[in-house]
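Residue numbers (UniProt numbering), protein chains in the order written: chain R, 1 to 426; chain W, 1 to 280.
Treat the hints as calculated values from the structure; they're not laboratory data.
Treat the hints with care, since some could be wrong.
Unchecked claim - Chain W regions said to be covered by chain R (calculated; three or more residues, Cβ under 8 Å):
{"id": "1", "segment": "40 to 52"}
{"id": "2", "segment": "88 to 97"}
{"id": "3", "segment": "185 to 196"}
To be verified - Distance windows between CB atoms, simulated:
{"id": "4", "chain 1": "W", "residue 1": "Gly118", "chain 2": "R", "residue 2": "Gly50", "range": "36 to 42 Å"}
{"id": "5", "chain 1": "W", "residue 1": "Lys161", "chain 2": "R", "residue 2": "Asp279", "range": "40 to 46 Å"}
{"id": "6", "chain 1": "W", "residue 1": "Arg271", "chain 2": "R", "residue 2": "Asn154", "range": "24 to 30 Å"}
{"id": "7", "chain 1": "R", "residue 1": "Asn154", "chain 2": "W", "residue 2": "Ala272", "range": "55 to 61 Å"}
{"id": "8", "chain 1": "R", "residue 1": "Met115", "chain 2": "W", "residue 2": "Glu130", "range": "20 to 26 Å"}
{"id": "9", "chain 1": "R", "residue 1": "Pro414", "chain 2": "W", "residue 2": "Lys161", "range": "56 to 62 Å"}
{"id": "10", "chain 1": "W", "residue 1": "Glu238", "chain 2": "R", "residue 2": "Gly310", "range": "30 to 36 Å"}
{"id": "11", "chain 1": "W", "residue 1": "Glu78", "chain 2": "R", "residue 2": "Asp197", "range": "32 to 38 Å"}
{"id": "12", "chain 1": "W", "residue 1": "Ala272", "chain 2": "R", "residue 2": "Met115", "range": "39 to 45 Å"}
Stated by the list, open to error - Some chain R residues near chain W, calculated using beta-carbon distances under 7 Å:
{"id": "13", "residue": "Val29"}
{"id": "14", "residue": "Met34"}
{"id": "15", "residue": "Met188"}
{"id": "16", "residue": "Val298"}
{"id": "17", "residue": "Ile314"}
Glycine residues also receive a C-beta, built at the ideal position from the N, C-alpha and C atoms.
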Amino acid sequence: MSEGDAAKGVEDRTDAGDGKFGEYGGRYVPEALMPAIEELTDAYERYVLGNEDGFVDEFRRRLAEFGGRPTPLQRADRLSERYGTEVYLKREDLVHGGAHKLNNALGQVLLAKYMGKERIVAETGAGQHGTATAMAAAHLGMPCEVYMGERDINRQRPNVFRMRINGAAVTPVTTGRGTLKEAISETMRDWASNVEDTHYVIGSVVGPHPFPRMVRDFQAVISEEAREQIREGAGRLPDAVLACAGGGSNTMGAFHRFVPDEDVDLYAVEAGGSSLEVDERTGVAPNSASLTTGSEGVLHGSRTKLLQDGHGQIVESHSISSGLDYAGVGPELAHLVDEGRVTPVAVDDDAALAAFHRLSQEEGIIPALETAHAFGYLHEHHAGLGGVVVVNVSGRGDKDLESVVEETDARGTPNAPDMSAFGGGL
Amino acid sequence: MSDLSTAFADGPAFVPYLAVGDPDYESSLAYVEALERGGADVVELGLPFSEPIAEGPTIQEAVVRSLEAGTTPDLFFEFVGDLEVDVPLVCMTYYNLVYQYGEERGPRPFVEKAAEVGLSGFVVPDLPAEEAGPLRAACDEFGLDLVSIVAPTTDEERLGKLVSVSSGYLYVQARLGVTGAQSSVSDRTAASLDRLSDVDLPKAVGFGISSGEQAATVVEAGADGVIVGSALVDVVGEGYRNDDPVADVADRLESLARELNAGAERGYSQRAPRPERTSE
Chain R
1 MSEGDAAKGV
11 EDRTDAGDGK
21 FGEYGGRYVP
31 EALMPAIEEL
41 TDAYERYVLG
51 NEDGFVDEFR
61 RRLAEFGGRP
71 TPLQRADRLS
81 ERYGTEVYLK
91 REDLVHGGAH
101 KLNNALGQVL
111 LAKYMGKERI
121 VAETGAGQHG
131 TATAMAAAHL
141 GMPCEVYMGE
151 RDINRQRPNV
161 FRMRINGAAV
171 TPVTTGRGTL
181 KEAISETMRD
191 WASNVEDTHY
201 VIGSVVGPHP
211 FPRMVRDFQA
221 VISEEAREQI
231 REGAGRLPDA
241 VLACAGGGSN
251 TMGAFHRFVP
261 DEDVDLYAVE
271 AGGSSLEVDE
281 RTGVAPNSAS
291 LTTGSEGVLH
301 GSRTKLLQDG
311 HGQIVESHSI
321 SSGLDYAGVG
331 PELAHLVDEG
341 RVTPVAVDDD
351 AALAAFHRLS
361 QEEGIIPALE
371 TAHAFGYLHE
381 HHAGLGGVVV
391 VNVSGRGDKD
401 LESVVEETDA
411 RGTPNAPDMS
421 AFGGGL
Chain W
1 MSDLSTAFAD
11 GPAFVPYLAV
21 GDPDYESSLA
31 YVEALERGGA
41 DVVELGLPFS
51 EPIAEGPTIQ
61 EAVVRSLEAG
71 TTPDLFFEFV
81 GDLEVDVPLV
91 CMTYYNLVYQ
101 YGEERGPRPF
111 VEKAAEVGLS
121 GFVVPDLPAE
131 EAGPLRAACD
141 EFGLDLVSIV
151 APTTDEERLG
161 KLVSVSSGYL
171 YVQARLGVTG
181 AQSSVSDRTA
191 ASLDRLSDVD
201 LPKAVGFGIS
211 SGEQAATVVE
221 AGADGVIVGS
231 ALVDVVGEGY
241 RNDDPVADVA
251 DRLESLAREL
261 NAGAERGYSQ
271 RAPRPERTSE
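Make the full structure from the sequences, and use the hints.
Written out as structure tokens, the structure is:
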């Protein structure tokens, strides 16, 4: 098989497999959901892997026309100069809606339509997945309800407005700490109650089989394009690909087509928060670094790496970026880390915020706080990454501006403009 | 015949549920003992997990109260040892807690400990038949039962898989959704029981039963038992919010348990005699 064939896509595979990535993955869900998951697996095999009824063709057409793909791979001139290495940016922030999330949301809402489902539910952390799902649902004429933690609603108001404006119902989740973990649990409850006519658009490569595999396939367009583009732009494959990792959907999307290229180093950059230690007294991990610090367990439908205490209770995570603020991670990513194919690294809140300002000032790109973690790692470790580096710009940072102003003032971020005169006034 | 199957041998079984440690260890002991006085044939004891995806708001709040009171798997086992009841006890929890217990990964240490303290079996709502192999093997090793939940959406093929890993009884989910008290019994319950009539395990119906009348309806429709959780947990939650004395809350639990148990008995006596099955 030529290199081109290996990178071509999902069309030549027709079997969803058993949903296991080594010892990770599987299906750990209530029995009421199992028939829906089997139905979804069947639909995934037929439509996504088998292109039945031209599903993949329609998906690609809508990704291009509605989503704005392909996104550019841009050489970052000033960062390249600063770091003495060729830095390329995969511009997923330019996808319609401002993040890679639309690739998956459009795929799943379209699939739900092919399956004859009548309603969409989704969960969201930073609001980007909820926004993408609301947009895709409006585009395809499906009613949509999005569950969002109360704390995240307060942190991400612009995306709440966008979801509502696109016609979605946004339901606050008040349990626990009111973040993504609780929103996922609540959406699973809704799905269990309405499973016969409702599809749950999971927002990352997490959850029961076939979600981790299917979401990866919808997101693999990122690395499919980037692989072609870097060969054209740099004349060769990169030495390293960097992507931030919360649940891991942009990570797996950016890595997937590079996985067989063993000379390309893959770095999953997690949220190091304020510390990598777990506070045993409060049961809080002041980070969201489940690949770096987590242990194997079962959460939200699959076996994977988790932030948990010694008894198996899931601990509260933390990140300055609500999109990374999750105690689990995709099972395939956990497996690739165990295999040594993906290197997990962590960047703390302060370094991410500094990187946010650096990219905004030096390249004119305001990145999502999630993405800023990948640039934080680039800043600190560029010397060891090789001559050509691709960084996945998973989304744009408009949604984060209120938190950035507040956090920048509170932390006295060294390379940031003085925001104090504008605090809270955005 | 296992302890659990035996509990269903003489008429309908009343199977109440409470979350252990809700709202604290000592009160919870008194509450479970009150359920036995009220006629429990089996008690399902919830070991709280931080992400109870199959539970509705009532049990979810109980889980939060219990975890805040410091309930851990070891305290749960201690609780079982401290209980002064004489009915079979089933542990209802989520797989991560079963999987993480002890030094060795996997369900075996948890099951071994459960057998040591005298539990009779498990209900694990997030463990479908496909992933149940290791827990089933551990249950076989230590002589415990694994109760599976049958949903209204479970088709014939899945039912076969479920039955093949199940023992003790089948937990028949009366309706779709999560746990929580309802004012009426779903029409789907009778249809579910009809589908299960050939399965050689007792069938206990749960999800939404809150009154003696509902218990009667379910048993009359052919259930071998009724499982009641949220309606009882509501009594605990209300007592906690009102700061009521533990003895008063225990009395109310005993009284509701009597009503539910009497309803189940009434339903059984009203049941039309089933035609004798003849072998062909």
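Going through the hints against the structure:
1. 40 to 52: holds (count 4)
2. 88 to 97: holds (count 4)
3. 185 to 196: It is violated: at least three residues are needed, and the segment 185 to 196 of chain W offers just 0 whose Cβ sits closer than 8 Å to chain R.
4. W:Gly118 x R:Gly50: 36 to 42 Å: This hint is violated: roughly 53 Å between Cβ atoms.
5. W:Lys161 x R:Asp279: 40 to 46 Å: holds, 42 Å
6. W:Arg271 x R:Asn154: 24 to 30 Å: The hinted range 24 to 30 Å is violated for W:Arg271 and R:Asn154, with Cβ atoms some 55 Å apart.
7. R:Asn154 x W:Ala272: 55 to 61 Å: holds, 58 Å
8. R:Met115 x W:Glu130: 20 to 26 Å: Since the Cβ atoms of R:Met115 and W:Glu130 sit about 22 Å apart, the hinted range of 20 to 26 Å holds.
9. R:Pro414 x W:Lys161: 56 to 62 Å: With Cβ atoms ~59 Å apart, the hint holds.
10. W:Glu238 x R:Gly310: 30 to 36 Å: Check passed, 33 Å falls within 30 to 36 Å.
11. W:Glu78 x R:Asp197: 32 to 38 Å: violated, 45 Å
12. W:Ala272 x R:Met115: 39 to 45 Å: Holds: the Cβ-Cβ distance is about 41 Å, inside 39 to 45 Å.
13. Val29: Holds. Min distance 6 Å.
14. Met34: holds, 5 Å
15. Met188: OK, holds: R:Met188 within 7 Å of chain W, min 5 Å.
16. Val298: Interface hint status for R:Val298: holds (4 Å vs cutoff 7 Å).
17. Ile314: This hint holds: R:Ile314 lies near chain W, its Cβ roughly 5 Å from the closest one there, short of 7 Å.
Hint check: violations occur at hints 3, 4, 6, 11; the rest are consistent with the structure.
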